[in-house]
Amino acid sequence: MREYTQEELRKIQALGMETLREFIRICEKYGLDYFAISGTAIGAVRHKGFIPWDDDMDVGMLREDYDRFLEVAPGELKGRYELYSASLQKQVQGFYLQMFPAGSVFMTRRNARWPLHPGIKLDIFPYDRVPADGKRRARLYRRLRFWNRLYIIKNTKVPKLEGNGLKTIVIRAICRVSYELLKAGPSVDTIVKKYEGLMKSVKESSGYYTILDDMNPDWWVIRRSELYPMEEAPFGPLTIRLPAKNDEMLRRQYGDYMQYPPEEERGGHDIVKLVFPAGWE
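Just so you know, this note's numbering puts 484 at position 224 of the sequence shown, and the rest follows in order with no gaps.
Because the hints were derived from the structure by calculation, they are not lab data. Hints may be right or wrong, so weigh each one.
[To be verified] Here are the simulated lysine-lysine pairs, BS3-like style, with alpha carbons at most 27 Å apart: (1) 453 - 463; (2) 505 - 350; (3) 533 - 395; (4) 395 - 460; (5) 417 - 350; (6) 505 - 338.
[Stated by the list, open to error] FRET-style restraints, in silico, Cβ to Cβ: (7) 448 - 479: 35 to 45 Å; (8) 504 - 450: 37 to 47 Å; (9) 475 - 445: 19 to 29 Å.
Note that beta-carbon positions come from the ideal geometry of N, C-alpha and C, so glycine has one too.
Assemble the whole structure, with the sequences as input and the hints as a guide.
Here it is, written out as structure tokens:
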């Protein structure tokens with residue numbers, strides 16, 4: 261584990277900006293909607309670009325646009341960029357797309373145990389339909405967590421867990437036993453199909469959407485009426501799309517997001533291995 265140099269962070273952000281540019285180009289070519297979320301949405305409002313210490317970007321797409329992007333993007337990227345997802349390689353963390361320049365590596369402490377590691381990336385999250393009723397959402401979340409835990413254990417044996425307390429030790433032991441039992445259990449392909457099926461299982465038009473591949477999906481719940489009509493904002497040399505109710509959504513999630521966090525909280529990921537693509541060394 262190590263911290264970035266300022267030059268490394270500058271190159272990470274410059275690469276990220278080029279990846280975002282390519283992503284936007286494809287979306288505009290095929291008429292696909294997307295919107296900035298999380299630190300990228302905060303950066304667009306507060307800094308007109310990257311949060312100064314940020315090292316990746318996050319955008320969301322409603323499921324229909326996300327699936328269409330997944331169809332057309334490989335032909336557009338032509339080997340210059342790669343797309344990683346549990347749905348594609350089945351050996352990578354996350355049921356969302358990670359788009360990154362070919363040849364780059366961005367291994368963090370959190371994903372170090374996984375067989376595959378994305379590069380310097382743009383995270384593209386699908387927003388799936390969910391019930392308006394909180395109890396029904398909670399039932400869906402429980403079923404998703406079950407299959408997600410199987411997927412993690414199948415790939416990592418024991419996921420990265422913080423601390424060495426009794427609870428953590430017990431969880432690690434359970435994971436090891438589960439890993440051995442899963443050798444005779446469902447395949448990774450089966451687990452991925454089950455998980456994806458649940459993500460797309462809500463057909464009703466409740467008007468509510470969220471990121472289902474998250475430890476707390478209710479954190480990300482949005483209403484369709486909060487998205488449209490989308491707005492635009494400068495993001496460095498680019499223009500990025502924001503939800504219509506971007507301020508309300510960010511305040512619901514982060515409180516007073518216009519205030520800078522304490523200095524000790526300003527930092528990126530815990531990096532283990534960082535490789536820039538050819539031409540960026």
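task = Quick one: which hint numbers does this structure break? Sort them smallest to largest.
result = 2, 3, 6, 7
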